[in-house]
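Just so you know, the sequences run in chain order L, V and R. To convert, note that position 211 of the first sequence is 211 in the numbering used here; the numbers rise steadily by one, no gaps. To convert, note that position 390 of the second sequence is 390 in the numbering used here; the numbers rise steadily by one, no gaps. To convert, note that position 207 of the third sequence is 207 in the numbering used here; the numbers rise steadily by one, no gaps.
One or more hints might be untrue.
Said to hold, decoys possible - Which chain R residues face chain V? A few, computed with CB under 10 Å, are given here:
{"id": "1", "residue": "A16"}
{"id": "2", "residue": "T20"}
{"id": "3", "residue": "H23"}
{"id": "4", "residue": "H145"}
{"id": "5", "residue": "K172"}
{"id": "6", "residue": "A248"}
{"id": "7", "residue": "H255"}
{"id": "8", "residue": "E286"}
{"id": "9", "residue": "P306"}
{"id": "10", "residue": "A308"}
{"id": "11", "residue": "A309"}
To be verified - Mimicking EDC-like on lysine to aspartate or glutamate, the simulated pairs with C-alpha atoms at most 16 Å apart in a straight line are:
{"id": "12", "chain 1": "V", "residue 1": "K118", "chain 2": "R", "residue 2": "E147"}
{"id": "13", "chain 1": "V", "residue 1": "K118", "chain 2": "R", "residue 2": "E286"}
{"id": "14", "chain 1": "V", "residue 1": "K120", "chain 2": "R", "residue 2": "D8"}
Claimed, not checked - Not close to chain R: a few residues of chain V, all C-beta gaps over 10 Å, as computed:
{"id": "15", "residue": "I76"}
{"id": "16", "residue": "D77"}
{"id": "17", "residue": "D81"}
{"id": "18", "residue": "V82"}
{"id": "19", "residue": "V86"}
{"id": "20", "residue": "R93"}
{"id": "21", "residue": "D154"}
{"id": "22", "residue": "D177"}
{"id": "23", "residue": "L210"}
{"id": "24", "residue": "V268"}
{"id": "25", "residue": "G275"}
{"id": "26", "residue": "L350"}
Since the hints were made in silico from the structure, they are not lab data. These numbers were taken from a predicted model, which means no experiment stands behind them. Ideal Cβ placement from N, Cα and C applies to all residues, glycine included.
For reference, the chains in residue letters:
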Amino acid sequence: MLEFLQQAITGLMIGSLYSLVAAGIVLVYKSTHVVSLAHGQLVAFGALFFWFFFGSFGWPLWASLIPAFILTAAIGLLIERLALRPLIGQPLFAAFLMTFAVFITLEGIFVLYLKGETRALPAFLPEGNIALGGLSVPVNQMVSFLVAVLLFIALSLVFKFTKVGLGMRATAEDHRLAQGTGITVRKIFSYVWVLSGLVATVAGIAIAGVMDIYYMLPYIGINGLIVAICGGLDSLSGAFVVGLLLGVVENVGAGYLDPLVGGGVKDVVSYIVLLMVLLVRPYGLFGLTRIERI
Amino acid sequence: MKARYLNICSVFAGLFLTLALFRVTAAKEVSYLSLADYTGPIAGLNVPADMGLSDFIKEINEKGGVDGIKINFIGIDTRYDVARAVSAYKRYRRTEKLLMVNSISTGIGKAVAGLIEKDKRAQIVPGDGEYQAHVQRTFLWGPAYQDALAATFDWIMEDWKAKGNAGAPVVGYLSWDNPYGREHLRGGQEYAQKIGIKLLPPEFFPPGTLKHDVYLTRLAKGGANYIHAGGVDPTPTNVIRDAYSLGLTKKIQFTTDYWGPTELGLGVHAEVLEGIVITSFFQRGEDAKANSFVTDMWKRNRGSMEKFNEVYGMGISWGITFVEGLKASVKAAGFEKLEGDDMYKAYQTLKGLDKKGIQGPCAYSDKSRRGSLEVKIYRITKGKALPISDWRTAPDAVSLHKF
Amino acid sequence: MRPCGIFDRNYGQDMAIIRTWQHWASLLGALVILYLFPLFGSYYLVSFINLAAISVIAVLGLQIVSGYCGQISFGQAAFMAVGAYTSSVLTTHFGVSFWLALPLSGVVAGAVGAIGGAPSLRIKGMYLAMATIAIHFVLIWLVLHLEITGSFKGLYPPSPTLGGFEFDTDEKMFYIIVSVMLIMTYCARNLVRTRVGRAFVAIRDNDLAGEVMGINLYYYKLLAFFISCFYAGIAGSLWAHLITVVNAEQFTLLHALEFVGMLIIGGMGSIPGVFFGVLFIKILNELVLFTSPVLAGAFPWLGSSPAAAMGLIAFGLAVSIFLIFEPRGLAHRWEIFKASYRLYPFAN
């Protein structure tokens, strides 16, 4: 039992990282109805920019956060302006394929910059373990877990109470109706991509805290997509809960199934979960049910 | 308007193509093809190694080549992708006087080996014991992976006894879930049994895994006294970071193979990596920095020692072997008739070749495909990789496994 | 639309793909040149055509399921792996001849594909795309861990033989691969003109309306996946016997993404588009390979070998440019060109 709990807690910590990645995808989908495959790259670039100022130039933590946020948000804005805006009026699927093209392009730039090397962030979170009755939780992961919780609370507050947030929700309902009530939908789209860039930076920094920055980092976006789809693409709370759940399932699955089948279960478990969710509840566990028979 | 734009584009594309195809070839030239991964999972190792090799070749060429023969270094980026590598090999397959192919990756080596046999050429690969078990045209860089793992097990046994423990140590093994990750155990497993080490069921994880806590805790729960972390850096470093944050590094001694933490990673994660033991067939850390043949070449070509990586030296050692092989094959066959097959024959005569101390003397012969037999054990102390043993012969673990 | 002065006198003429003697002449001429190509073409070009032809077969399958039936699939590389492994297992473990293993691997991959396509009964669009990505990883994990597929060691299928003649070089394999490609193209070109093909198009354009018209959605969607994966399986089998080694590392998600990119650039819903898309991407890759050493020499900060990264950037940019400026792909350009040729004196 203790072992199970320990694995579950480790899973929760990893899951919070997945939730952070999924949050950006959900944000974009909520207002623009575009599923962004490119989000993993935003996360990777967020981490890379942070490393640039914190690891390479040696700026203090708070001072390196600001340029990292600004630069990643700028990339988000550029994606919206250059790649997605020309596609307004075309089927949504074209936009989906466009995010795939953006992913590949940014991947090329990322790889070209890294040249196969690794960028390691010096430890910036407190080290050590908290003991909880036989269980141990690393402090730095606890911190990123709390950051994830706070971020989700902040995001839901933004959506609930600010004018921009209300505009985003209105846009999510119906673009034309929103336009009719005086909301500039294009502006909202830009805001959304900027916001998703900001969230991606948080995710990137949190991930770079546990893993060096190297070519595999952008592929965390796939885990984020799985979480976002399983949770329901338009549900922030779904992304949070399912992210945690998936972390636990992966970890416990690897914990109990690996010895039986000879390793490597960790990745596959989440894909099987995704397939099952898609077959049983295609709109996700927490998503808004839009009835459309196929 | 659009059509004209497209036309202009295609004209430019055509120009580029002809420019690229128009290559001036030297009168006397041989080629060396490197199927390396410059941007993928094992790039951290491939980039510096091929830097070393290409610098070495450049300096040889500047001095007039080997007996007037220039060496053409062809580096192809495969991204650890077998399909890309095979099509790249096919592209250069009929190159005049292509004498050696370096297939960096266990999967690529296996895929190209068949073509190499057909073309009567020679190739070098990292360390799959399979090629020692079935002697063919494929040579290893150093000892086989399983030999190096066996040497690590030997060290573990010594360390265990030196600490005054009785009985047998329990050892865990975790690595990538791919051909490379499993190769070590084909033979390594048998060797552990032979010397009485209790090996826990091995753990495999996909490359790029975020956290390795599950595997580590399972090994720890199995009572591991030692854990061998496989994978090419930064994977071992990330594994050990997870172990550190779980508090395992204090209780369990971690070891890695020679693709473990390099000079570059040591600086940043010094505290985490403290005390890790690395078994290496080439000089690492302080040893490598003290080898003036390597460091002088680095300084001449790459400038300051700040970004120095010991894998650079390993690339130079490929170069030394290749140049000696070239000399021997030219002597035997003459330049005009020189073919891949002559290089293959020449490589078998290189036994005892001194590799400037970068690795042990060459061990290629008609029966042996090992690049060298010796390994050295290093321990990371205060962010520096210091040798804790002399060069020692790695035990033959290949013969223990039935391939 | 007919060239000036060509009139159809019966239904057969109206429906014919090859209409005039000029058509027949150019087709036969092209076939003769193609089949004689290994005799005068360089080895490099021959092996380039081999790999391109295998991609053409895989993308043809993708065209049927995605371009015609509207079900996007990112799983084509994994289904190719199923074909490659089936063929290798049959020839190495059971001693089945290549000529039997080739169609069988198509059937097995098709069956796996039909099961893998089952989610399409409930979901579509990007949900389906994600489901196929999941299927890709599950399949690759399976071939890496099953004993019969040689797990991580891979398999070494033999070169095909026919009555003592061994197809062991690229030049010899060229004839098998190109012939299979031509047959598969012929089948695909005609399939989309049949009842089945029209049903696919109806499902793509509006599945609800299609169902109302009496098209059995379940049956036709699964059929589309079966056919598509049959193509992938054939491509995989040819690949296995050309390279003579199969390994799970050969079939990555990036390949599946590349196939989708080829489809977008070539043009969805067009068989000639497949050829344009595959050639465009393959030639782009070769261009990048040739130019990147030049670029690296000119700009040292790019590093010693920027080829892979430059290739990705070029590929991504090409796909996005086509999505923005020519969403109907190169096939549409080709149609425009043909139309202006037919109408020659009357329009430009």
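Check each numbered hint against the structure and report the violated ones by number, ascending. 1, 2, 3, 5, 12, 13, 14, 15, 16, 17, 18, 19, 20, 22
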